[in-house]
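Here is how the chains run, residue by residue.
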Amino acid sequence: MTRIVGNLIIAISLVLGTIAATTAYVPRLTDTDSDLQIGVGFAHLNAPAGAAKNAFTEFELDDNGNRIPLIETGTELTPFVQSKLRQNGVTRVRIKEFNFQRWELSWLLALAAFGLILGARIVTREAANEIAKHGATTQPGQVDSPEVVVQTILGIARSLHEDLPKLSSDSDKANAILTRIDRVQKHLSMQVVDGRNILISQLGLAGFAEFMGGYSRMERALNRAWSAAADGVLDEAFDCIAAAIRHGSNLQKAFD
Amino acid sequence: MNRQHAFRELFQTRYREVTLSAIIFAIAIGIVMNAAITYAGLKIGFTLGGSAIAAVLGFGILRGILKRGTILETNIAQTCASAVNTSNSGIIFTVPVLFLLGLPLTITSSTFWLITLAAVGGAILGTAFIVPLRKQMIEIDRLRFPTGMGVATILKSPGAGPKKATVLLGGIVLGAFVYWFVAAEQFNLFNYGSLGIEVLSAGEFDAARLLNLPAQFELILGIAPFALGAGYITGRPGLLILAGGILAYHLLTPIAYSMGWMPLTVSAADAPAYGFAAFNRPLGIGLLLGGAMAGIVMALPALKTALRSVAASSRLKGGSDELGLRVVVTAAGLAAVLLYAAAYVSGEIPFNRKCPVTDSWVSPLTVVDLPGDISEPEQQALVRLRNAEVNALNTSTRGYGGYTIRFSSEAAAQTWDNWPISTKDDYLEDNNAKKGLLANFPAVLRAAVIAVVGVAWIWLAGIIIAQCTGMTDWSPISGMALLTVVLVMLLGGTGAVVGAVLLGAALCVATTLAADMMQDLRTGHLVGAQPKRQQIMELVVVGIGPIISMLVILVIAESNRQSTGLPFGPGTPTSAPQAQALQAVITGVQGGEMPYALYGFGALLGGLLGLGTFSGLGVLVGLSMYLPFAAIATYGIGCVINMLVVKWKGQVWAEDWGVPFAAGLIVGESLLAMIASMTILATS
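Line by line, the protein sequences give chains A and B.
Letter by letter, the first sequence follows residues 1 to 256 in our numbering.
Letter by letter, the second sequence follows residues 1001 to 1684 in our numbering.
With the rest of the complex left out, here is chain B:
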């Protein structure tokens, strides 16, 4: 009876909200977006959220073609579609790194399914963990979530009158027109160089060059209608983002360059990039982390009230409008079990590819391992031959220093048993596999600790990402992925690359979905949707996304292998820039090159910044030190325009007419980027 009641409540019929047509539409469009954006993300290095696109398409299909979509039904459709789509960024930032490191994934390999399992677990966790935070961030702190506001503007346009719909459309057209030049350059349809304007190149406007500033001062404006629109919707509070960018790019970098804190081999033009990698990024990520921790501590009384309210709402008679804490606890438990299983099994995967004793290959070869000066058929023949040899081996394994080590035979393993500890340690050291903090724990306990730390870290990172997107619309996902990988490698050892990538993928998927869910819940609040319905529907469909992204990655890797001999990276159509950056971090951790102290000092400064009247200050400053200046400069201009409009025409006018136009800019760029992604996928 209760189930029937819950079902009837979910699919209420008087005012269409959760409907079969909305769900089918959402899953179909979500899968298409996921595949297209996964491919485009691997090619160009960034992804886009699907909410705005799904909202526009939802209107076209549910309302235009099927003639029955309501505002809330379209909202459910965009919520589910973006849930299916969004996990792709978490996957493409992390998983291709295994290919780049020469660890092959195939549909039959256990590693592939382990990562998929972990990513699905992360997706459930990210969506569930955000349930109690909705009250805190949307209802109490009233964070803006600019994209969520933009999507609400689109959804409300039929009731807002024809004039506002025209303004929205104007924004869409202008956004698409401006972004067309950027997209067209990717297809070689257009070249900024042909304009003959020196300060314009590849979607960027070099203001520093125009002003004749020294080369170490980076003053680039991205030609990004999305950033402009998001900045406008954020308004005055977003200006702090610009302040952090100025600190990083106009103070720290020039000072470090002129004081000789950079190597002599770094030219003035290269100084911003060097400064970003050497100190701005680690300091920025540290500030983010410290700022977020301070924010949580300062908000504890409100957070406690929010949690109490969520707990109480599930006990309300006649149902409540919010999912109760029981769902959160169940989902967290389920996800922890999935993460534990994935961590345990990945810990059992041998880290070595050659036998320590005989130096013969003990794991299948890929073309990545082979010399490039032989022809492709020869390479593949060699791979087949060697793999047949490897498969014929009667291998044996041993556990040492927290690692599973594979030997070419039991005899080789027995030889290893007799090696002195110092020789074994030297072997690990020589193979970039330093012992982790949990090296002496039994495998079962090690996996359990990693799973618990993973769940706790996902919760914290989810809060950080949701806060960032709520305040600014920017999501520091790659920074969080970086920290996850470092954390797992510190715990499990620097050779635990599969485990690190696995948890990195789970975390990235979780945090991107947490941020996406918050944007959708903000939209839902503005159009009067019931949060519980959105939360249930997101939990139902959220596991689809990681599976699609993983399969698309396999297909692309195989296709690349056949055409270029390599799965990803330079020399292939999909260079996977974000995964290359993560690969650099992994090799940096293995080589002891990580500037841990900078992360720590950043966290200290970020935490102290949060002690003032605005506890999110550390987060904002950290985020802006870590983002490319081109993006934040355009965003800052959007904030300034908002302030000027408010001053000139008043707050109400700025919201009434400015927000629809800004939302149009976001949608225009997103739509065109989506079309570009689909064209890339279709023509590849």
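Here chain A stands alone, though its shape is the one from the complex:
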């Protein structure tokens, strides 16, 4: 529940922050000409302002059916131009120059930034609590802990290494490699990756990174064994399985 609240705060803050930012260059056309003053001159339009109307107060259209701008892009918003825009009911203009003082919704962006920090704090604290609560045990819905999964993978590699010399035909050997490593690739590897939070809680972020490096070496060796078996190069496959066992044995030390 707390986590949902945190995520909700983040989502709402993001929406509010982007809405506020959208108005950064669109100041209100106030009654005070000097509000759009920059140094010795005035701000410049970065988009057309207003739309020309005919005597019947309908918008005038060009040949393509588009409204004709009252004031073109790039025009300096001198008091005369501002007055013309006001008379035509224009309330906001898009300008080139940004200024915090002209930006009405700057407070909303600040609020959104605060909300994002607050939301992030809530969700990270909640995540840390969850990890502390579960500790080295499994995550909800997960069958085995990463430690157990690594042992299972290592067991598969060892049994494969022992069984292969006993098999008579090359096709049997290739099938054994493809089938058993397939299980690692599709079922077990995913469980190790899913156990990320548990591993981080056990080993720390740097330790986790080191563990994943070692695990990836074992995984890659098994993947290579699979490819070599699929290509019928069984010597290579056999050596790769041996390499995977080596890498896996080193990996187990991380849990000791």
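The hints are simulated quantities; they were obtained by calculation from the structure and are not laboratory data.
Keep in mind the model is a prediction, meaning the values are calculated, not measured.
Check each hint, because a few of them may be wrong.
[Claimed, not checked] If you want a taste of the chain A side facing chain B, the calculated C-beta under 8 Å gives, among others:
1) Arg92
2) Phe98
3) Arg220
4) Cys240
[Said to hold, decoys possible] DSS-like, lysine-lysine: derived pairs with alpha carbons at most 30 Å apart:
5) Lys1435(B) - Lys96(A)
6) Lys1163(B) - Lys186(A)
7) Lys1304(B) - Lys253(A)
8) Lys96(A) - Lys1647(B)
9) Lys186(A) - Lys1647(B)
Cβ atoms here follow ideal geometry from the backbone N, Cα and C, with glycine treated the same way.
Take the given structure of chain A and dock chain B to it, following the hints.
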């Protein structure tokens, strides 16, 4: 002895991986793909990656015809072929802008070779910088890299059994069939209008119209099997992409429209496009940037471990499976030198085309400069005449405000020397050449700073692009090009267009190759390839691509000139849409129209989003605000389908049978798009 050992290790013979036939095949197919996709990209505005195509062709040729290709050999072939191909997107997004701005490139011009040199430097840099990140992104963070997974599925299909191969083939056929209608419309072979279904047009399905939503709500689904397949492979995490799209297109744009934050001249139907340019794109790019920075900071402990591991691996006895940091440092140094040389020489190129004092032309004319109401032979005669006059001038140059300025004679230059500073500044201002932050630096130091900033920026942009492709398969390359050009113009001055495009090209080539390399390394991981072999081979061939793309651009520009009088742009067969967008950015920077504050606020929000439990959140939201909704909607549907399949049939079934089908969709569209590109090139 060591070299012999390294050579033997690279070309090991027991299990074929790096072989001569794979390399020759890869370079040949890479060059063909590069040329075809360069042309098609200039015509239609987007390019396609070559990995999936090369993997399928590799199977056909190495395994089918030569009867000896292994999974890993085909993997090396696709790695090299896509390395040769991929640089084209970096080139076509940037280089044609020089033609559009009237700055001619010819085979004999120094600018042409400078840009080529910078792009080759960028290619080496992009490939080298990604070496230490492989561990971080593929092994530790386990990013999905959907295309990389798809290519691995193709490579593994011979060992996966006939049923899965059939599923893959089914995906390819369906992907190609669906995409055929889109491709056919480009050739006028088919028209969606002929179907009589109002909501279908030009490869898009307008769901908003079907649901009678107000016009300012853009709800378009792209008919894109590639996006659907990539979305499926990404699965649940990709849904965040859809969330950012909804924020941009269904919240911000309608709110801005209804609140009167858009000009009155913008109609409801035009509101999504206006909103994209005015606030969604700058905010999205800012979010991307801030999110990526936050991601790097949060991942520092893991990144440090990865770097230590890469450094240690190069000291292992009997060799390691990874290129060491020495290669990265050497490549970065070499590329920095290339970038420095290119930045220095481009800084010496006069920015003005007319003499400030006499107002006479001081650089060769092209037909772009001439009035369009005279016949083509007359135009060319005029160009020859004026160029002869320009060449006869005894011009002189001066440095001022960080620019090199050319004068029609030494006397004119001396007159300039006597002008007051305010007049000189006015001249620069009137010619869209405001002074940059480094204006007062000596030329040598200015080039050095630009080269160092360029290398650092390429590293950061490479991480951003690789993260984006890893998480979603989308690569925000045009956004990065835009930021590069803005950055260089801020440093060197708004008149430093050649330098900006030059570094833009280097960066785009670097980042596209970084992303491509990561996809290939992900594929390699899944099939058990040795990363070092992939990295070495990519570094060996990567310089070929930019040279091919640059030459193709010259050929196309010349051909267009002869047929239409213009090198690129509207009115030519290759309108170069991405370069037109970059041209708009350059003129926007020169005119002071860039909404820098929006980029900054986006970066702030993106950085803060990364403080939560998922540091890549800012990147994903930013990316989706910046991409067209049609693409992300289809991608999101792919993610939803994956979630439904997982719920219905379980995770293993979804991976086992869904991923080959999704990979087939990606390959089907890519193959057909490639055939279309080659047909366009052959018939042009």
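Outcome of the hint check:
| no. | hint | result |
| --- | --- | --- |
| 1 | Arg92 | holds, 6 Å |
| 2 | Phe98 | holds, 4 Å |
| 3 | Arg220 | holds, 5 Å |
| 4 | Cys240 | holds, 7 Å |
| 5 | Lys1435(B) - Lys96(A) | holds, 19 Å |
| 6 | Lys1163(B) - Lys186(A) | holds, 17 Å |
| 7 | Lys1304(B) - Lys253(A) | holds, 21 Å |
| 8 | Lys96(A) - Lys1647(B) | violated, 51 Å |
| 9 | Lys186(A) - Lys1647(B) | holds, 17 Å |
Checked against the numbered hints given earlier, this structure breaks only hint 8.
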